[in-house]
Structure formats: structure tokens, C-alpha cells
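Asks: Everything in the sequence shown is counted per the numbering used here, starting at 6 for the first residue and increasing by one.
Be aware that one or more of the hints could be misleading.
As the list claims (entries may be wrong) - FRET-style restraints, in silico, Cβ to Cβ:
no. : residue 1 : residue 2 : range
1   : Phe8      : Glu96     : 39 to 45 Å
2   : Asn85     : Lys53     : 17 to 23 Å
3   : Ile13     : Lys92     : 16 to 22 Å
4   : Ser55     : Asn87     : 24 to 30 Å
5   : Gly64     : Asp29     : 37 to 43 Å
6   : Met93     : Tyr18     : 40 to 46 Å
What the hints assert, rightly or not - DSS-like mimics (lysine-lysine), calculated; alpha carbons at most 30 Å apart, straight line:
no. : residue 1 : residue 2
7   : Lys53     : Lys123
8   : Lys92     : Lys82
9   : Lys82     : Lys97
Derived by calculation from the structure, the hints in this document are not laboratory data.
C-beta atoms are modelled at their ideal positions from N, C-alpha and C, and glycine is treated no differently.
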Amino acid sequence: MMFRFVAILLAAYFILAAGLQYNDPDPLHWMLLYLTSAIACVLAAIRKDSLPLLYALMGMASIEIAITANGFFTWLKAGNENLIVAKMSAEKPYIELGREFLGALISLAVAVWLWFRKR
């Protein structure tokens, strides 16, 4: 019962995250990542989860992590702002990339967690 509650809560989070991407400069692949994560959570909650979907989700999240890792590590080295509340600007692209990195990392962590539960 607790697993289902957490899975539905995570699905709601990913749906919200997908909705927030609407005004992003590159919304489609982020919306697709977050909606796929939400679908994986819902399917797991109703015990209809699928390993191919989880593998695809892990691949999608890993690609996004690889694309945004440089910005995240730049923030770790040079950024002294709070990554969550800092304003994005053209002078500090690492803020956006750091946020995207963390979002993809959350998707990957959830996919791996669901994969372990499925196996």
C-alpha cells in the first residue's frame, strides 16, 4: 500500500514537472522525459509496469544527464547561488543546466528504483 502511495505521489510530481516545462526554451524532450516517468510510476502503482519502458526511461534520463552534466559541475565549482531559487540569466547558464541535471537525475533514480522492484 505504501509503495502505491509513493508511486502515485511521484507520478503527480512528474506531471507537475512536465507542466512547468511548457514555457521552457526546449520543452518537448523534457516534457517527454517527465511524462514517461509519470507513466512508469502509474503503471508500477497498478502493477502493470514494464521493463522495456523502464529501460527506455533510464536511457532518456542518462542522455539528459550527460547533456547537462557540464553545467551542473560548473555550478558546483563556481556557483554560490541556491540552485532552486536563483534567477536564470544568460550570464549564468549553469543554473538552468544544473536544474535540468537534477530533474533528469530524479527521473533516473525513480526508474532504477522501479526496475529493482520489478526484478
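Asks: None of the hints should be skipped; say for each whether it holds.
Replies: Cross-check of the supplied hints:
no.	hint	in the structure
1	Phe8 with Glu96: 39 to 45 Å	44 Å, holds
2	Asn85 with Lys53: 17 to 23 Å	45 Å, violated
3	Ile13 with Lys92: 16 to 22 Å	33 Å, violated
4	Ser55 with Asn87: 24 to 30 Å	37 Å, violated
5	Gly64 with Asp29: 37 to 43 Å	21 Å, violated
6	Met93 with Tyr18: 40 to 46 Å	21 Å, violated
7	Lys53 with Lys123	10 Å, holds
8	Lys92 with Lys82	18 Å, holds
9	Lys82 with Lys97	13 Å, holds
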